[in-house]
Amino acid sequence: MIDPRTAIIDERLKNVRNVIAVSSGKGGVGKTLVASVLALILARNGYKVGFFDLDFTSPSSHVVLNIGNEQPKEEKGIVPPQIHGLRFMSVVYYSAGRASSLRGSETSDAFIELLAVTKWGNLDYLILDMPPGIGDVTLDLLRFVQNVKFLIVTTPSRLAFETVGKLLDLLRETKNPVVGVIENMQTQESTWIRSQVEAKGFSYLGALPFDSELEQNIGNIDGLLNTQFGKNLKKIIENLFLKNAFLEKRKVGC
Amino acid sequence: MHEWALAEAVVSAASEVVEKSGMKKVASINIGLGELQQVDLEIFKFALSQLLSGRLKDAKIKIRKTRARLKCRVCGCRWLFSKTGLDKSSREAIHFVPEIAHAFVRCPECNSPDFEVEQGRGVWIENIVGKKRCD
Ligand SMILES: Nc1ncnc2c1ncn2[C@@H]1O[C@H](COP(=O)(O)OP(=O)(O)OP(=O)(O)O)[C@@H](O)[C@H]1O
Ligand SMILES: [Mg+2]
Ligand SMILES: [Zn+2]
Chain A
1 MIDPRTAIID
11 ERLKNVRNVI
21 AVSSGKGGVG
31 KTLVASVLAL
41 ILARNGYKVG
51 FFDLDFTSPS
61 SHVVLNIGNE
71 QPKEEKGIVP
81 PQIHGLRFMS
91 VVYYSAGRAS
101 SLRGSETSDA
111 FIELLAVTKW
121 GNLDYLILDM
131 PPGIGDVTLD
141 LLRFVQNVKF
151 LIVTTPSRLA
161 FETVGKLLDL
171 LRETKNPVVG
181 VIENMQTQES
191 TWIRSQVEAK
201 GFSYLGALPF
211 DSELEQNIGN
221 IDGLLNTQFG
231 KNLKKIIENL
241 FLKNAFLEKR
251 KVGC
Chain B
1 MHEWALAEAV
11 VSAASEVVEK
21 SGMKKVASIN
31 IGLGELQQVD
41 LEIFKFALSQ
51 LLSGRLKDAK
61 IKIRKTRARL
71 KCRVCGCRWL
81 FSKTGLDKSS
91 REAIHFVPEI
101 AHAFVRCPEC
111 NSPDFEVEQG
121 RGVWIENIVG
131 KKRCD
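Chains as they are written, first to last, in our numbering: chain A, 1 to 254; chain B, 1 to 135.
What the hints contain is simulated information worked out from the structure, not anything from laboratory work.
Heads up, the beta-carbon is just placed ideally off N, CA and C, and yes, glycines get one too.
Please note: incorrect hints may appear among the correct ones.
[Said to hold, decoys possible] Covered stretches of chain A, going by a simulated chain B footprint (3 or more residues, C-beta under 8 Å):
#, segment
1, 23 to 37
2, 74 to 88
3, 105 to 113
[Claimed, not checked] The list that follows gives simulated cross-link-like pairs (lysine-lysine, DSS-like), each with its CA atoms no further than 30 Å apart:
#, chain 1, residue 1, chain 2, residue 2
4, B, K88, A, K76
5, A, K76, B, K65
6, A, K119, B, K88
Isolated chain A, as found in the complex:
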């Protein structure tokens, strides 16, 4: 028995120049906020951007991005709708606001299914909003999508870095490129995370403050971009994505 879906994934992503997985290992550190605002900043700077919410059991980016009523279109596959300049895809289009409690292997199946049928077209960046944990989705991503670059989010907490550090070690072992680590929800100056990240040989990209105005701007695109969180994130990624024009193009095929 052959699963036909995995054979078509490279084809579906072949015109995507960069796949960036916003990841942490730890839950609740701000992956979704960072991924959403990152995608918006890139789109506002003229890049073609796709956004894929890979949290199949608890998707939330549709709330941050206030996606409205537009639905994916069927054109010999599924074409994600364009929302605030992004091609947006999430399982919420199918779960209709109901809980989709999935086991690990089911999450894998849903992920492979969507990778196999979603037509992203030409993109400069496909931003992936990863679920918490270093489980099925992370493993499937490493297995089925070539040349993913990881952007890691942590908080200042040692409890967050306890897991984030392990994810960094794993990504080194699997030789997956890591763009760097962002420290989110900083409440006071501290160099502890920076030193931990650098000691492991990864780059520390900068800190985003704990921003009490973030919550009231959820769903408000201009509002989000104008928060201190949004402004700091823009500074961080200016050096990374905006100035360098593109990171090196993804290689597909061996």
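Here the structure of chain A is known, so what remains is to put chain B with the ligands in place on it, guided by the hints.
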């Protein structure tokens, strides 16, 4: 029309297998089609016929439909999936992502969403049969 995307996947996977095995010509491709995904057989067949090329060109397509058998992980109850009783949008959602059945389908005995799809989920290739050399 997302049947086309699935047909493309089948052709792409079959080409890969044929390439690797060194088969010169393919006589038939046997495909399993699970009822849970509710693939439109006519569109799917048509898409396949349009997409087959190269060594797959003259392959006979045989499609075997399979009922979707579900088993509750909580109480052990087994039942067959039926789309009747589901509204159009839930049916469509399951068509695109069969795992979404867990949002809409419940165990008929205990109402749990925690069931396993024992068989009949989506599209798979059962086998690919090569042509004999002599002819
Ligand atoms: N810099 C910040 N300042 C204030 N609140 C923040 C900040 N970053 C994130 N938050 C808030 O923290 C909560 C968690 O953020 P978010 O959902 O982005 O985290 P996550 O890592 O995606 O979580 P999960 O692991 O559940 O996917 C949200 O309520 C978000 O609004
Ligand atoms: Mg999240
Ligand atoms: Zn039951």
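Comparing the hints with the structure gives:
Residues of the segment 23 to 37 of chain A lying with their CB closer than 8 Å to a CB of chain B number 0, which falls below the three-residue condition for coverage. Counting residues of the segment 74 to 88 of chain A whose CB falls under 8 Å from any CB of chain B gives 5; the rule of at least 3 is met. A stretch counts as covered by a chain when three or more of its residues have a beta carbon under 8 Å from one of that chain; for the segment 105 to 113 of chain A and chain B the count is 5, and the coverage holds. About 20 Å separates the Cα atoms of K88 of chain B and K76 of chain A, which keeps this hinted pair within 30 Å; it holds.
Distance restraint check for K76 of chain A and K65 of chain B: the Cα-Cα separation of roughly 22 Å lies within the 30 Å cut-off, and the hinted pair is therefore satisfied. For the proposed pair K119 of chain A and K88 of chain B, the alpha carbon gap of about 24 Å is at most 30 Å, so the pair holds.
The structure does not agree with numbered hint 1 stated previously, though it agrees with all others.
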